[in-house]
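K.L.:
One letter stands for each residue in the lines below.
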Amino acid sequence: MKTVHVKIKRQNSPQAQPYWEEFKVPYKPNLNIISLLMYIAKKPVNAKGEKTTPVVYESNCLEEVCGACSMVINGKARQACTALVDSLEQPITLEPLDKFKLVRDLLVDRTALFDALRKVKAWVDIDGTFNLGPGPKISQEIQEKRYNLSRCMTCGVCAQSCPNYNDKTTFIGPHAVGQANLFNLHPVGQNKKEARYKALMDKGGIMECGNSQNCVRSCPKEIPLTESLAELKGQVSWYSIKSLFTK
Amino acid sequence: MLKYDVVIVGGGGAGMRAALEASRDPNLKVVVLSKTFPTRSHTGAAQGGINAALGFGNSNDSTELHFRDTVKGSDFLGDQDAIEFFASNAPEAIIELDKLGVPFSRNEQGRIAQRPFGGASSPRTCYSADKTGHVILHTLYEQCLKNGVDFLNEWFLLELVVEDNQFQGLIAMDIRSGEIHAIQAKSVVIATGGFGRIYWNRTTNAFNMTGDGTACCFDVGIPLKDPEFVQFHPTGLASTGVLMSEACRGEGGYLLNKDGERFMSRYAPEKMELGPRDLVSRSIETEIKEGRGFGQGINSYVQLDLRHLGEKKIMERLPQIRQLAIEFESLDPITDPIPIRPSCHYMMGGVHISDFATCSTPIEGIHAAGEAACVSIHGGNRLGGNSLADIIVFGKFAGLGVREKAKDRGFGSKERLEKAAAKWIDKFDAMRNKTEGQSVIAIRDKMAETMWYNLGIFRKEDEMIKGLEMINHLIEQYEDCKIGDASKIYNTAFINYIEIGNLLKLAKAVAMGAIARKESRGSHSRADYTQRDDKNFLKHTMITKQDNEYKLDYLPVRITKYQPEERRY
Numbered sequence: 001m002k003t004v005h006v007k008i009k010r011q012n013s014p015q016a017q018p019y020w021e022e023f024k025v026p027y028k029p030n031l032n033i034i035s036l037l038m039y040i041a042k043k044p045v046n047a048k049g050e051k052t053t054p055v056v057y058e059s060n061c062l063e064e065v066c067g068a069c070s071m072v073i074n075g076k077a078r079q080a081c082t083a084l085v086d087s088l089e090q091p092i093t094l095e096p097l098d099k100f101k102l103v104r105d106l107l108v109d110r111t112a113l114f115d116a117l118r119k120v121k122a123w124v125d126i127d128g129t130f131n132l133g134p135g136p137k138i139s140q141e142i143q144e145k146r147y148n149l150s151r152c153m154t155c156g157v158c159a160q161s162c163p164n165y166n167d168k169t170t171f172i173g174p175h176a177v178g179q180a181n182l183f184n185l186h187p188v189g190q191n192k193k194e195a196r197y198k199a200l201m202d203k204g205g206i207m208e209c210g211n212s213q214n215c216v217r218s219c220p221k222e223i224p225l226t227e228s229l230a231e232l233k234g235q236v237s238w239y240s241i242k243s244l245f246t247k
Numbered sequence: 001m002l003k004y005d006v007v008i009v010g011g012g013g014a015g016m017r018a019a020l021e022a023s024r025d026p027n028l029k030v031v032v033l034s035k036t037f038p039t040r041s042h043t044g045a046a047q048g049g050i051n052a053a054l055g056f057g058n059s060n061d062s063t064e065l066h067f068r069d070t071v072k073g074s075d076f077l078g079d080q081d082a083i084e085f086f087a088s089n090a091p092e093a094i095i096e097l098d099k100l101g102v103p104f105s106r107n108e109q110g111r112i113a114q115r116p117f118g119g120a121s122s123p124r125t126c127y128s129a130d131k132t133g134h135v136i137l138h139t140l141y142e143q144c145l146k147n148g149v150d151f152l153n154e155w156f157l158l159e160l161v162v163e164d165n166q167f168q169g170l171i172a173m174d175i176r177s178g179e180i181h182a183i184q185a186k187s188v189v190i191a192t193g194g195f196g197r198i199y200w201n202r203t204t205n206a207f208n209m210t211g212d213g214t215a216c217c218f219d220v221g222i223p224l225k226d227p228e229f230v231q232f233h234p235t236g237l238a239s240t241g242v243l244m245s246e247a248c249r250g251e252g253g254y255l256l257n258k259d260g261e262r263f264m265s266r267y268a269p270e271k272m273e274l275g276p277r278d279l280v281s282r283s284i285e286t287e288i289k290e291g292r293g294f295g296q297g298i299n300s301y302v303q304l305d306l307r308h309l310g311e312k313k314i315m316e317r318l319p320q321i322r323q324l325a326i327e328f329e330s331l332d333p334i335t336d337p338i339p340i341r342p343s344c345h346y347m348m349g350g351v352h353i354s355d356f357a358t359c360s361t362p363i364e365g366i367h368a369a370g371e372a373a374c375v376s377i378h379g380g381n382r383l384g385g386n387s388l389a390d391i392i393v394f395g396k397f398a399g400l401g402v403r404e405k406a407k408d409r410g411f412g413s414k415e416r417l418e419k420a421a422a423k424w425i426d427k428f429d430a431m432r433n434k435t436e437g438q439s440v441i442a443i444r445d446k447m448a449e450t451m452w453y454n455l456g457i458f459r460k461e462d463e464m465i466k467g468l469e470m471i472n473h474l475i476e477q478y479e480d481c482k483i484g485d486a487s488k489i490y491n492t493a494f495i496n497y498i499e500i501g502n503l504l505k506l507a508k509a510v511a512m513g514a515i516a517r518k519e520s521r522g523s524h525s526r527a528d529y530t531q532r533d534d535k536n537f538l539k540h541t542m543i544t545k546q547d548n549e550y551k552l553d554y555l556p557v558r559i560t561k562y563q564p565e566e567r568r569y
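Residue numbers (my numbering), protein chains in the order written: chain A, 1 to 247; chain B, 1 to 569.
Chain B on its own, in the form it takes in the complex (with noise of 0.2 Å):
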């Protein structure tokens, strides 16, 4: 059997960030369990840049200032003690990265350079250009190469074992031979991503973003906080979802209606496009909903025009972002206005931390971090550039965590996992010889129409319990489902069968949150409860399963200093 100290399960930001803290100390054996090569992972495609109050963008500017706009942007659903821990250690954590080698843009002092961003009171957003997460992430793999930490890539998770709330070890497949393997090991961090293929192809998300880590950890009972706070860019290309980094409207970019009005003036006046993310998708749905959008129904978009900053600008600031709007619509944003919607860009919510300085969940050795855990710093809304800075600061002190927790705590129990993994491997068996049965696919599409029809950008309670009810139906047909792949090497329709699975599970707890909080804060905007509820819900929803039950509860929201009030901008 396989045995490691410490596994981490994701190869993207968060993972490598916490493999690299774990592999630090030389006496733990550390590996990293990724189902895409770590380099292809989703962090690669984050665009626009990491906030930290490094001040050489404005030298007013403090982590308290970052702290600061950080609860107001999360509307105040933020756990204030989490936040401001953030805020302070995310300088060292840049600072850290810079010397590893990320060519972070400069200034004309030879500094880091730092660009505004939505949401941000000062410029507070390191770049490099607009490929952040990719370099980033090449430098933090390469880092994992310098430490000697193992890689097993192309495998994929399939179960977390628990007994008596203690971690025991996990159930994983190596794709490439279709081989199940049970690993034992002492601690785990869950570093995932997150789960916005539930909306499937209206979403900025990469394929592989469906929730694996998340869903495993919500199967053994850990409580998934949060979860129907779901971020929608205001920028996706109309036609693809294709993410225009909000370095476009950082840099100066406009957004125009058909009359060729910049409707922010109306729902910002004074931050105009650069208000927060959900504020600017909200205000562009409704110019689209009032008829002044272009196009008609699904088709419909509004612009985003970038041809006032001039070619030279936009050449060095913004290369990526014309090349995908050549690349993917057919114009150049030098000549043309680029056609955008908003996509499902982020999910707020996700595996429930109960200690955000290990970044340890409720059952022993198991850690979470980065865009698959709620910590919760993003509260109802995260903003701009801080996702980088959540996986490269959470993901460091889940390293540590993990480093710490496998210094304690024995190897699980060998019998246990040789269960678990002897049913999947019968389970493998039984879905490849399986001929008749529901089409994956089918299920697959109908759950993401009903999740962007009922559960998307403005929310209404008859229309999504109708939607809860569609997903329940799902969840049953997903019972009988065929894969159509009898092959045991890199069998991707079993995978993305199980990936179907882990979303359905995610996408019924989106719904439950969602219904059952009657208000509107942060992202989660609906047509029937149009104010913040301080006084009933300003506390986190946390959903737990206990087999096919899932039950919702809430817990408190942590205030240290900054009260509740309007969220203005």
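So here's chain A without its partners, still in its complex pose (with noise of 0.2 Å):
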């Protein structure tokens, strides 16, 4: 029977010491890596024949929209469900995202992600509780750039390639930077754009930003978010400037 042959990097808990195991899974076209995982999920023998328990990871929605199953695939961090066993040397390798606290097996504490967010204000600060009127006219070309960069999935993917996201800096990360200017471009959110530009100003902000351009590269949905560093570095210079200015 032909088998895929996947290693796996297992840790019980966060004080545990991590090992790998390994594992041969019944070929069939078209597998992706939570299709093996659940494989094991629901046989868990090791290679060596061992009883052994599931795999702890994170997946949901199977169509690469909720960025719950990022895992380093043969070295590359990437979303687990699109990563075909087809498409990918063998043995597969799976490990845990490594810049963030691990948990168990797989599965690791990306809360630091959705902190960036708050840091940056990544909200339109309004209550609702107002008459609402016909909405503001916004042009095609506003709405496709805001479209683009709303498409993150804080699967932090990006943060795990950036060589400047790690223990040492406090930088808030790549993503954290794109929603930034995607409420910077709205026309109610434009309001707080100067909060956005003190927070970036700030230690872990955007001049932590080695220009490695990592996180482009990396970026499952293709988000271009060094044009938005690149933007938002401009922007926040010449708002440090003027403030120097207006003290």
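What you were told as hints is all true, and nothing was included just to trick you.
EDC-like, lysine to aspartate or glutamate: derived pairs with alpha carbons at most 20 Å apart:
no., chain 1, residue 1, chain 2, residue 2
1, B, Lys312, A, Glu222
2, B, Lys427, B, Asp547
3, A, Lys28, B, Glu329
4, A, Lys42, B, Glu479
5, A, Lys76, B, Glu327
6, A, Lys43, B, Asp480
7, A, Lys145, A, Glu231
8, B, Lys313, A, Glu144
9, A, Lys203, A, Glu231
10, A, Lys145, A, Glu222
11, B, Lys482, A, Glu50
A few chain B residues that face chain A, going by a derived Cβ cut-off under 7 Å, partial list only:
no., residue
12, Thr36
13, Ile95
14, Leu100
15, Ser128
16, His134
17, Asn208
18, Tyr490
19, Ala493
If you're looking for bench data, these hints aren't it; they were derived computationally from the structure.
Note that this is a predicted model, so its numbers are computed, not measured.
Quick reminder that beta carbons are idealized off the backbone N, C-alpha and C, glycines included.
Could you fit the two chains together into a complex? Lean on the hints.
P.N.:
Next up, the structure:
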């Protein structure tokens, strides 16, 4: 029987030692990494024929829109649902994202990504208790630019690939810069533009970006993150010069 | 003991919209409890759009027409007062989202663009290309952050605690630590989504769509309304069930059989591909049954052809669809037709709502919204674009309802909650240590197979009775399961075990409702009773569970304006 050879880096708890476990899963056409992990959950037996526990991982939508199933597959951070076995070299290696706190096996704690959104105030600051009218007019060009940025699924792949996103820096991550831009481009959202600039000027802000361009290359949604980074670097510099003179 | 004024269970669109509304009272402590991180919720997978009669697509559109279309779409099983309320409140709800920053696609005048959708008499569906749900979900999450809503992420609802018809609080597990907590609360919104996973892999639903909140409501005696109405989406990818949005048909896609014929001309000569979902799904299955599909048996399919739309339109309007076809089916819709087959998509039925303006249930303090609930506005069949509108409109009113309710009610019994939590702690320990027993996954697969073959798109008495017997048998087997993981930390095997238990209860209710409903209406299509029977069945199915007894009853449909007529498209 044709099988797929998978090596998974496992760890029982944040304090435990990591170890590798290998599996042989029967081959079928169109298998993806999630279907491999589901097979292992159904028959939790490793390549040595020993009984083991199901592998813990996160996954939900299966159509690359929820951002849950990020992991490192054959050395590259990406979504597991769109990683087709037929296009991967074997043995396939699966590892957790290592820029985040490990919880168990392939599952990590990505709360930091959302804390970053809070820092850049990635929202429109209104409370909805007013007369609404027909809503703001927005040009198709601006809408398209915003749509592109809004495809971000906070999956963490850009942060995982970024050399400047690590324990030693406090960089908020490329995704958060994209989201700051998304709300700066909204007719009501731009009222908070300056607060976002201030957040981006702070420690861990946009100046931590070393321009490696890894984020834009790794983003599963091909969001033009470096464009937002460049635009906001420019705007933030201008804002800081301007604020020197208006103090 | 944890203590909140308002608990929202479920971090999808309905839950977060409710949280947003409830948190507008700064004196209330509001928390969202969600088993997945909120932005990973299934709302994010909604592609095509959200309906509201804004009149930007066609200035003659009106909330009255939205009301009428929805009544007709429901095959007259929707409650008309609730539908009218829904259609009238939808426009404001959309404008609100626009102001909150949802990047709705625009027309040339800079207004929100609206496109045609199945079953709608006017272009009424607002969208953000084909990521409408995703952008709404993220916007709502960020608004909740802004409002300081608390989140208990990766927490799993185990039980709603009720005494004398009064909500006391709930029991939930922090999945990361494996700790089980009792939470005291004054009111709760159940917004845990549908339970399409009763068909396991024959569904477009995400893995987490296991109806946990619906099952917990069912367990405390709240009726499950109209569970037999299951929507099969006509266009799931043939091999994986991944959804190809209704926008494909809305933008002008063709459905072709193996003779290259646009077969919808036989079933809906006027609307063609834009007929409602139940009709299109049955048409596809009929083509396959009569030998005009491609492939064989379970692998049969028909084609969705977008090629004539041209590269520009596909890239602009349906980029996500194109990407999915490339990634999951290895073909490009610009040059190739897409193999598709109907998949379970949506549950019209759910937790019985007794007052739609507050989304309350018969139990004081428990409210529900979204796919988990049955208001009922969708009746026998939901129209495309009405589910996002449902969660936004009724999420908001559930939030208002629960906010007012929290002001009138006190906190529940601590003792009663502690007792319930202790029972769950024992159960978790016992399951972690159990080494022998039935495999949960084998039971799940058998359930899915039974539901697909015996309670799928076409239904017949004898097959359904066999299906119900099998589900009963699986419920017995489930009593003796093992989970195969002794860990306390992130024990997904235990969570799956509880989820499958929830699905089994709901599957049984689907079977009971379907067997008793001897007619064909909306998505419920019977080979042995092919006509709608208003004389006997213009009424809601109500199934209640008391311990292990399931009882079936009916409730009249509220008709205010539109008398039932034949549904023709």
